[in-house]
Amino acid sequence: MSVLSPAVVAAVDDLELAARVVVDGLRVGGHRSPFHGYGAEFQQHRPYRAGDDLKYLDWKVYARSNRLYTRQFRETTNVAVMLVIDTSASMAYPLATSGISPLTKFRYASIVAASLAYLASEQGNAVGLMSMTGEAMAYLPARSGRAHLRALIARIDGFVPADAWQPGLVIGRAAELLQRRGLLVVLSDFYDDESGTQRELRHVVQRGHDVAMLQIISREERELVFNEQTELEDLETGIRLLVEPATAAAAHRDAMTQFLERCRVFALHEGIDYGMFDTSEAPERALRDYLVRRATQR
Amino acid sequence: MRWLNPWALLGLLAVALPVFVHLFSRRQARVMRFPTLQFLTTSRLLPARRTRLSDVPLLALRIAVVALAAIALAQPTCFGGSAAPSPTSGIARAIIVPADPVPGGVSTARLAPLEPAITRLEDSSNSSLRIPAVEPREALSGAVAWLRAQPGLGEIVIVGDRLRDALDSADIAGIPADIGVAFRPGAAAQGDSAAQLMMFRGRVVWLTDASPAIADAVRRSVQQVGAGASAGASDVRVVTLQGEYADTIRALTSDTIPTIIVASTAVGALARFTPARRAAPWDPWMATALLTIAQDTTLASTAPGVLARTDGRIDGRTGTGADMRTNAAADSIFGASVVVLARTTSGTPIIVAAATRDDDGPPQLFIISRAPATHVHTAALLLAATSVFAQPTSTASTVDTTSSARGAAWRALQRAPSLRTSVNALALVDVESPASRGRYVWVAVLLLLGVEWLVRRYSAWRSAAATPSGER
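If you read the sequences in order, they're chains A and B.
If you read the first sequence in the working numbering, its first letter stands for residue 1, the second for the next number, and so on.
If you read the second sequence in the working numbering, its first letter stands for residue 1, the second for the next number, and so on.
Careful, some of the hints might be misleading.
What the hints assert, rightly or not - Incomplete in silico selection of chain A near chain B, CB under 7 Å: (1) Asp53; (2) Ser90; (3) Tyr93; (4) Glu221; (5) Thr230; (6) Glu231; (7) Asp234; (8) Leu241; (9) His252; (10) Ala255; (11) Met256.
If you're looking for bench data, these hints aren't it; they were derived computationally from the structure.
Bear in mind that the values here come from a model prediction, so they are computed numbers and not experimental data.
From the three backbone atoms N, C-alpha and C, an ideal C-beta is built for every residue, glycine too.
Can you build the whole structure from these sequences, using the hints too?
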């Protein structure tokens, strides 16, 4: 199976096309989409036939009745997926000039979000979008259908990461607008307002929604990839800080690791689905790994 | 090795600058944009001050550049082992002073006003001999004989109008070509001879922003060929300009003596100064002056291949005031009335003249040389300008045109050998030509700057390559 490198995906300018490329990559190998768990509700049992995926064999029934039954799912359209994308300026990193990753975190998030939307939409789910551009919320209600998917991807494509965002507010509003129980996918670096974000995510879980935290981080920010004195300027606040990597790198790496660990533990603790995406990895592979892991967790 | 501008050697102190820079400079921190600073703490910075020099080769290059620039500014001169007598060895002067008709007695009363000038002449000479004479023709042969016995350049100075009037062009032609002849006019009160009346009196001022050493060299060139006194011009003044040009010129020309101001193109303020005094009636003497300068063979010979013949109207000796005005209207450079005296072979004007006159001030003629002035060229231009005042200005109304045998002889004298002599003398003087060495040093400075740039680029490239952007 060929893995599309980040460079190749980055070169695909059209976000919809990029999403399709990624999703097609997921299907190579003939097995069914690992995204199967989404929007699928148990419908009935039917007798096992040779060739059925053992994964769907109902072992409990077998234990009770000594008969092999396969669980069958009904694909429903009434599960709504709400994508929440972080458009704060910190996502516009790494800058094109700095070298290692060809994708900014935001572009990476866009591709992952578009791919998820594509997958979910293909399986008949409703997909919606919530984000924040400037002071205003950008909201697209969860609907199914190809036209809607196109509009949604175009909307994602139109976002430009700038300023700061208020993750608590956006997540809360997204959950409110998500009718019934649904899946809330947050794509962000989770730098802004850590406690507010966690509080709001906890509320969303408590309301019964399925929540996924997709944390997107670039390697350049985990390690300080320069070796001379550098003045770092915060992308969101513009505050500058003079940094001597010889003395600061270790502390920064520790703090960063702690932060990522905090996010992971929080997600685990709250029953939130957590995925960490490194922008130097191919989005297609990262997404597949994530989805497979997600499917097996259920 | 001699320095034309020794003060510039103080600039060598500036080599301390790169040393300081290399000791105290810290590389400007790069600014990088970063997603968040929340995981960063303020770093302990490396010390800004260093005890050791960084980048020693680069420092050495920079010191060399600064030092060479200082040396170039100081304008080093090297005297080759030329066989030509060095002007610094001075000049031998035979000074013929008027004596009373009574044999043996010097006319002390008439010489008294001239005494300081004669003393100055003697002081500036390597050796000098004062010859009292009633009849200068006889004194000349003795002077020539004496000068032949002296080393170096020789010059005969004839003091007083009476002695000058007693000579004619044949006497001057009889003097060997390598001996200069200079005339020192008598006291101003003595306006007794017809020939003197025929000499148009004026003054030549050389405005220059050359270094004092160069100015001095040119002045000596002019003095040695005797031009400063040979013509009717009462003096040649060298004014080394600094600061306000207009005021300097006004102060120089405040009296009513007609003045020719020779200026090099570097005296750029003249361009600003000239148009302000545009009211420019062309006096007849100016016309004559322009003709004289335009046709001066000395001037032409100092810049062979550069000077081309100038406008036909000047060549054609039709130089009346009206003609010059027409000519001036056709050729305007500074916005003032300008006459082109010489052009390069490609047609660029390189010696131009502009006439000015205040409402009640003296007439002035600016001769502006736009050519890169060598000493010889400048001295020749000055000579040509001074020789203007030796012209019998028949068109000048203030000049008595009553002719006499002596007057006719003087008319012939403007073509007399004194000016031709001066070419030889100038050639000797030009041995000193000091301008050229600094040029080579500047070339070296430029080369070093190029090398410095390369080294700087190389070290920048090396430090860029050291950053771990290729880590993966």
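Status of each hint after checking the structure:
Hint status for Asp53/A: violated, given a least beta-carbon distance of 38 Å to chain B, over 7 Å. Because the beta carbon of Ser90/A sits about 4 Å from the nearest beta carbon in chain B, less than 7 Å, this interface hint is met. Checking Tyr93/A against chain B by beta carbon gives a least distance of about 5 Å; that is within 7 Å, so the hint holds. At a threshold of 7 Å, the smallest CB-CB gap from Glu221/A to chain B is about 5 Å, leaving the interface hint in force.
A distance limit of 7 Å between C-beta atoms decides the matter here; for Thr230/A the minimum to chain B is near 5 Å, and the interface restraint holds. Here the hint on Glu231/A is kept, as its CB sits about 4 Å from the closest CB of chain B, short of 7 Å. With a least beta-carbon distance of about 5 Å to chain B, the hint placing Asp234/A at the interface is held under the 7 Å criterion. With 7 Å as the threshold, the beta carbon of Leu241/A comes within range of chain B, its nearest partner Cβ sitting at about 5 Å, so the hint holds.
For the restraint placing His252/A at the interface with chain B, the shortest Cβ-Cβ distance is roughly 5 Å, inside the 7 Å limit, so the hint holds. With a least beta-carbon distance of about 4 Å to chain B, the hint placing Ala255/A at the interface is held under the 7 Å criterion. Here the hint on Met256/A is kept, as its CB sits about 5 Å from the closest CB of chain B, short of 7 Å.
The earlier numbered hint that this structure contradicts is number 1, and it is the only one.
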